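There are 2 protein chains.
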Amino acid sequence: MAVNIYDDINKLESTFRSTEEFTKLQKAVEEVTADSASNELFKNFRDLQITLQQKQAQGEEITEQEMMDAQATAVAAQENPKILAMLEAEMGLSQIIDEVNRVLIKPVQSLYESM
Amino acid sequence: MAVNIYDDINKLESTFRSTEEFTKLQKAVEEVTADSASNELFKNFRDLQITLQQKQAQGEEITEQEMMDAQATAVAAQENPKILAMLEAEMGLSQIIDEVNRVLIKPVQSLYESM
Ligand SMILES: [Ca+2]
Ligand SMILES: [Ca+2]
Chain A
4 MAVNIYDDIN KLESTFRSTE EFTKLQKAVE EVTADSASNE LFKNFRDLQI TLQQKQAQGE
64 EITEQEMMDA QATAVAAQEN PKILAMLEAE MGLSQIIDEV NRVLIKPVQS LYESM
Chain B
4 MAVNIYDDIN KLESTFRSTE EFTKLQKAVE EVTADSASNE LFKNFRDLQI TLQQKQAQGE
64 EITEQEMMDA QATAVAAQEN PKILAMLEAE MGLSQIIDEV NRVLIKPVQS LYESM
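Chains as they are written, first to last, in the working numbering: chain A, 4 to 118; chain B, 4 to 118.
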């Protein structure tokens, strides 16, 4: 990897951390952390998501009960305005990361499409 | 999305297209394209990969025969030095893209880990 691309990556990361979206996420994380009920709810939501993802990755079956619990926890989490703000801010950052991927993958795809 | 992050993304894309890895891929694509046997072999390899990926995405079963055909085509493609050079160059570019993703995801993860 040419050395100068690291400069561009680091510059992008610095700008990324100063976006409105990142500042929003920082603030939202602080607000959820400061509110014990929201914090508890979010941790339950996250832990359940991780457990189900691990089961899926290991090819283990997910029961209908687990599926319903996960859905109920996700609904409860998103009905909490502090958690919702946090998840929305995270989605904004994911969109930036997706855009970066699209922009970098495009010239590679173009080369292959020329074949 | 703050406007100035587009500048950084575009700068990164421009540097990405001028990396040794990208130039290598460009050259390798030209060499495969110019050699009809290599080109044919690569297209078979790629078409078979796409077909199997689509089947998998649609939850269709992949037969043992299809699996063996795919493996045989992959081995044949990688025994072709022109195709191998192309796949290696592509892997170099994937590593850069992976690094960009790691760098951007890290500050987001750090926020969540602080909870
Ligand atoms: Ca079972
Ligand atoms: Ca079947």
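No wet-lab data here; the hints were simulated from the structure.
Treat each hint with caution, since some may be false.
Treat identical chains as interchangeable: a pair holds within one or across any two.
Straight-line alpha carbon distances no greater than 25 Å define the calculated DMTMM-like cross-link-like pairs of lysine to aspartate or glutamate that follow [as the list claims (entries may be wrong)]:
| id | residue 1 | residue 2 |
| --- | --- | --- |
| 1 | K30 | E116 |
| 2 | K14 | E116 |
| 3 | K58 | E43 |
| 4 | K14 | E34 |
| 5 | K27 | E69 |
| 6 | K109 | E16 |
| 7 | K109 | E33 |
| 8 | K58 | E116 |
| 9 | K109 | D11 |
| 10 | K30 | E67 |
| 11 | K14 | E102 |
Note that this is a predicted model, so its numbers are computed, not measured.
For each hint, the structure was consulted:
In this assembly of identical chains, the alpha carbons of K30 and E116 lie at most 25 Å apart only when taken from different copies (14 Å versus 43 Å within one copy). Proximity of K14 to E116 under the C-alpha cut-off of 25 Å is restricted to the inter-copy arrangement: shortest distance 23 Å between copies versus 31 Å within a copy. Proximity of K58 and E43 under a CA criterion of 25 Å is satisfied intra-copy only: 23 Å inside one chain copy versus 41 Å between copies. For a Cα distance limit of 25 Å, the shortest separation of K14 from E34 qualifies neither inside one copy, at 28 Å, nor across copies, at 35 Å.
In this homomeric assembly, K27 and E69 never come within 25 Å of each other (Cα to Cα): the closest approach is 32 Å inside a single copy and 49 Å across copies. Proximity of K109 and E16 under a CA criterion of 25 Å is satisfied in both settings, with 20 Å inside one chain copy and 10 Å between copies. Proximity of K109 and E33 under a CA criterion of 25 Å is satisfied inter-copy only: 18 Å between copies versus 37 Å inside one chain copy. Taking CA atoms no more than 25 Å apart as the test, K58 paired with E116 passes between copies only; the shortest distance there is 22 Å, against 38 Å inside one copy.
When the C-alpha separation of K109 and D11 is checked against a cutoff of 25 Å, the pair qualifies both within a copy, at 18 Å, and between copies, at 16 Å. For the identical chains of this complex, K30 and E67 are neighbours neither inside a copy (36 Å) nor across copies (52 Å), given an alpha-carbon limit of 25 Å. Taking CA atoms no more than 25 Å apart as the test, K14 paired with E102 passes in both settings, with 16 Å inside one copy and 14 Å between copies.
In terms of the numbered hints stated before, the structure departs from hints 4, 5 and 10, listed from lowest to highest.
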